[in-house]
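Engineer: Okay, here's what each chain looks like letter by letter:
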Amino acid sequence: MTDKIVVEDVYKIFGPKPELAKEMIEQGHDKAEIFEQTGHTVGVQKASFSIREGEIFVVMGLSGSGKSTMVRMLNRLIDPTYGAVHVNGQDITKMSTEQLISLRRKDMSMVFQSFALMPHQTVLENAAFGLEVAGIERSEREQRALDALEQVGLKPNARSYPSELSGGMKQRVGLARALAVDPSILLMDEAFSALDPLIRTQMQDELIELQKKKARTVVFISHDLDEAMRIGDRIAIMEQGKVVQIGAPDEIVTNPADEYVRSFFHGVDVTKVFTGGDLARRDHGSVIEDANASPQAVREQLQKDGHDSGVVVDGGHKFLGVVSERSLASADDLKSAYLEDVEPARSDMALGDVLSRVAHATVPVPVVDDDGKYLGSVSKTALLQTLDRTG
Amino acid sequence: MADPTQYQLLHINIGDHVELLVDWIQNNLGGVLDGISAVIDFVVSNLEGFMLWVHPLVMAAAIVILGFLRVGVGFGIFCIAAMILFFEMTLWPETMSTVAIVLSASLVALVIGVPVGIAMARSDKVEAIVRPILDFMQTMPPFVYLIPAAIFFGLGKVPGTIATVVFAMPPAVRLTNLGIRQVHEENIEAGLAFGCTPRQLLTKVQLPLATPTIMQGVNQTIMLSLSMVVIASMIGAGGLGNVVLTGIQRLNVGLGFEGGLGVVLIAILLDRITQTFGTTGATGSPLYHKLKQALTGGGHESDSTSSA
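Just so you know, the protein sequences line up as chains P and G, in that order.
One point on numbering: in this note's numbering, the residue at position 270 of the first sequence is 270, and numbering is uninterrupted.
One point on numbering: in this note's numbering, the residue at position 37 of the second sequence is 37, and numbering is uninterrupted.
Accuracy of the hints is not assured; some may be wrong.
Straight line, CA to CA, 30 Å or less: simulated DSBU-like cross-link-like pairs of lysine-lysine [said to hold, decoys possible]: (1) 125/G / 94/P; (2) 94/P / 290/G; (3) 204/G / 106/P; (4) 155/P / 290/G; (5) 17/P / 94/P.
Calculated directly from the structure, the hints in this document are not laboratory data.
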């Protein structure tokens, strides 16, 4: 995947003499000290990262961590004080006003936390706003706006005014307005934060669905970890204007860069973050690759490996069944020793669903991929350790 | 007891300077004054001519219909009562004359005031300069404007209108400024994020969203014009103000009351009707929407079936 947006050493310092503040940052002073001594507010400091084409990149942090400032520097609603922001390989900090306006009209659009709809315009006119500004003639822009409204399920409300809609519907209009210009980049600033939890998850699912139909590069600002985990392909965590960690959701949960990042995950529902595949290990039981072996031989192998159970796979490593010492003892052939109550979990199954299977099984639960290949097993011990580490 | 005059150390005679300034303007800016006079005269005379040319019953009917459609049934009935009162008081020409001056003065005040308000909203420096001027214009007793107006433009409707413009303009400027400054930051950001040029930002985001506040300013300007029109009758602006003035001069309570009632009625009519233009989204009374639906209902239906 190519890099769509590259942010290089970007600083945003609010105040008349940013060089003073930058010097102090380099000397290792923190935001509070800089504000006390110079009166300058550090919005973002030394941020460098790249966003890949077609991914949902979530920027997460507490309020005041600089995440909203960061996203506004990607379309220059806020000008970076230092550093460069490359979009499609072009440094937008060096663009003229005309170039910048053209970039905003064609390549990027934005969705806002408080919707920012125009109350005097109908839903249709709101959705067509970006196209109207770009000078596209009425019939074409109305058609494209209707298409965008259809994508978010609001076509029947095209003639309503925003004041007649619920919060969730208003944000759908905001989303339609952004989609109508068909941008390659979507900037979403806490887009779902003002919605109630049920509508929020619904909108998240819709965003993921939209991405499946056409993968745009989405930069999503959020303070909600569950949301970040759900929709993010990668997450950047910001603290005090610094980007402290970037990675895939499970990487960040399993390997937090510092205490701040770790503290985010207190109270996070890990059963939604992890899948069966994340926990599957090969060392919980023997793997028997000869499906025609005698029960006696398999028992000996288990004893030699020091396991109570084993997983039988075929030549192509496809899962066939699970055997235990006890089932082997009374069996005539290997097939009749397969435990009946053990059903393999799929690797993309959420941990919450795997949990109950593991709890009720007498042996570690095998995990298979889409083709039925055996990946590993989840034992009760491993499960408890995961829950404990992150809870 | 000390004599305050002994503290006049600098001997700046403010009154003398103002007189000098007025003389200078009269001697050197005659062309400009004539130009202003011609424009104002054109607007007022034509508007008044038109309002008196329309048959009184047609005009009254138009006002009543406007009241029904814009405000509601109750107000429509009030309009009918007001029209009957005007005819009973036999003050129709005076009323039309006053309405013409008020509307012309308001129009001029808005044509000047709204752009000044926009300039104020876009620059803190302009705001810092204009704000004290507005304070000055609003707190100076309105009678004072009559003197320079009469000196520069003589007597009649033109100086009356100009004095009214000066007195009535500040709210239009102030509320335009306020309205634009109060537009939610995210709406501005939305405009910019979708690629608005500064002009588009003004016309497509700031002004439409400031409209309710600006319309409050328009409403205030009209109300102030109306209160100034009575005072301006002292320099020959005519209309209902003249009726009131005659009532005072002759100590004729009845005449004064009739003129005063006329002003009050115009104020209520203009206030209620102009206020309905300040709401966002769908405007007009329920009656208006019913009528609109009845008239365009068929068209709407075929519209939705064709797009479905």
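Engineer: Evaluate each hint against the coordinates.
Structural biologist: Okay, the hints, checked on the actual structure:
1. 125/G / 94/P: This hinted pair holds, its Cα atoms lying about 29 Å apart.
2. 94/P / 290/G: Not satisfied, since the Cα-Cα distance of roughly 55 Å exceeds 30 Å.
3. 204/G / 106/P: holds, 19 Å
4. 155/P / 290/G: Measuring from Cα to Cα gives roughly 24 Å; hence the hint holds.
5. 17/P / 94/P: Distance of about 21 Å is within 30 Å: holds.
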